[in-house]
Amino acid sequence: MPPISKGLAHSREGDKMSSRIDEMFQFQQVALNLRAARQELIASNIANADTPNYKAKDINFANALRGALAGTAEKLPMTALAPEHLRGNAGESVMGAPVQYRVPVQPSADGNTVDMDVERAQFADNALRYEASVRFISGEGKDVLDALQGF
Amino acid sequence: MSLFNIFNISGSAMTAQSQRLNVVASNLANAESATGPDGKPYQAKQVVFSTVPTPGQVGDGVKVSAVVADNSPMRIVYDPKHPLANEQGYVTLPNVNPVDEMVNMISASRSYQNNVDVMNTSKSLLLKTLTIGQ
Chain A
1 MPPISKGLAH
11 SREGDKMSSR
21 IDEMFQFQQV
31 ALNLRAARQE
41 LIASNIANAD
51 TPNYKAKDIN
61 FANALRGALA
71 GTAEKLPMTA
81 LAPEHLRGNA
91 GESVMGAPVQ
101 YRVPVQPSAD
111 GNTVDMDVER
121 AQFADNALRY
131 EASVRFISGE
141 GKDVLDALQG
151 F
Chain B
1 MSLFNIFNIS
11 GSAMTAQSQR
21 LNVVASNLAN
31 AESATGPDGK
41 PYQAKQVVFS
51 TVPTPGQVGD
61 GVKVSAVVAD
71 NSPMRIVYDP
81 KHPLANEQGY
91 VTLPNVNPVD
101 EMVNMISASR
111 SYQNNVDVMN
121 TSKSLLLKTL
131 TIGQ
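If you read the protein sequences in the order shown, they are chains A and B. Everything in the first sequence is counted per the numbering used here, starting at 1 for the first residue and increasing by one. Everything in the second sequence is counted per the numbering used here, starting at 1 for the first residue and increasing by one.
Among the hints, erroneous ones may be present.
Derived SDA-like pairs: lysine to any residue, alpha-carbon spacing no greater than 20 Å straight-line [to be verified]: (1) B:K128 - A:G111; (2) B:K123 - A:E131; (3) A:K55 - B:P55; (4) B:K128 - A:I137; (5) B:K128 - A:K55; (6) B:K128 - A:Q28; (7) B:K123 - B:A29; (8) B:K63 - A:G111; (9) B:K123 - B:T15.
From chain B, some residues computed to sit far from chain A (all C-beta separations above 10 Å) [as the list claims (entries may be wrong)]: (10) V23; (11) V48; (12) G89; (13) L93.
FYI, nobody ran anything at the bench for these hints, they're computed from the structure. No residue lacks a Cβ here, since even glycine has one placed at the ideal position from N, Cα and C.
Use the sequences and the hints to build the structure in full.
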């Protein structure tokens, strides 16, 4: 279909361009947000390492990222047939991904399932991957700038 | 912003662990206090940790919900020369177990260090986030 007027076509082209730049950053942006949320979860596991009956929590990062990108985050809503029915809540969630409990390797007498070795390792791993995402975003920003400025 | 919330979570854990360390110090200092303001020997104290859920956030902090008295039996020592000895020559001394207290102290100190590390890592991640686009 031919454009209605030159000016409008031009602005549409501009919209497409900026949305393309948005799309470029979107993946790393979602990943960074999820990494930050997971970092918080692991920090709370480490903080509660001595709390009786505390259960260590984490998310399945791959599934959470997939759900957040597709906009179809896993949810288990209950059917409410009348307004007074309780709204079903599928438990805690991070950006739509369900928070799961870790399976303890060695059960402890006070019911706490925080394994400090696992948590420290996961914390360091997550921090490194967060940094990687930060670098990727910076790199993408430089790419856009290079494209805009030419050679 | 989740990374800022880590400061609250780790901060609460550091407060709780330092309270635990405080109780250990009190127990060790009073390990030989055969009498107190109420005339009774000192009774060892222990802290109870509990989780503090933060509304709207996934991470949970921690707090000392109670400081409870240790109900294990008092130490009874035969020392007829002691001014507080009873007619049979026995003195009731506090139920502080120095070995337990030392273990508690090391555990509290390690947990404190862990939370300091968590805070430092979060701080450096936030600083790196500020460099995006530079």
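Hint check:
{"no.": "1", "hint": "B:K128 - A:G111", "in the structure": "violated, 37 Å"}
{"no.": "2", "hint": "B:K123 - A:E131", "in the structure": "holds, 12 Å"}
{"no.": "3", "hint": "A:K55 - B:P55", "in the structure": "holds, 18 Å"}
{"no.": "4", "hint": "B:K128 - A:I137", "in the structure": "holds, 12 Å"}
{"no.": "5", "hint": "B:K128 - A:K55", "in the structure": "violated, 31 Å"}
{"no.": "6", "hint": "B:K128 - A:Q28", "in the structure": "holds, 15 Å"}
{"no.": "7", "hint": "B:K123 - B:A29", "in the structure": "violated, 37 Å"}
{"no.": "8", "hint": "B:K63 - A:G111", "in the structure": "holds, 17 Å"}
{"no.": "9", "hint": "B:K123 - B:T15", "in the structure": "holds, 19 Å"}
{"no.": "10", "hint": "V23", "in the structure": "holds, 13 Å"}
{"no.": "11", "hint": "V48", "in the structure": "violated, 8 Å"}
{"no.": "12", "hint": "G89", "in the structure": "holds, 39 Å"}
{"no.": "13", "hint": "L93", "in the structure": "holds, 28 Å"}
The structure is inconsistent with the numbered hints 1, 5, 7 and 11, although it conforms to all the rest.
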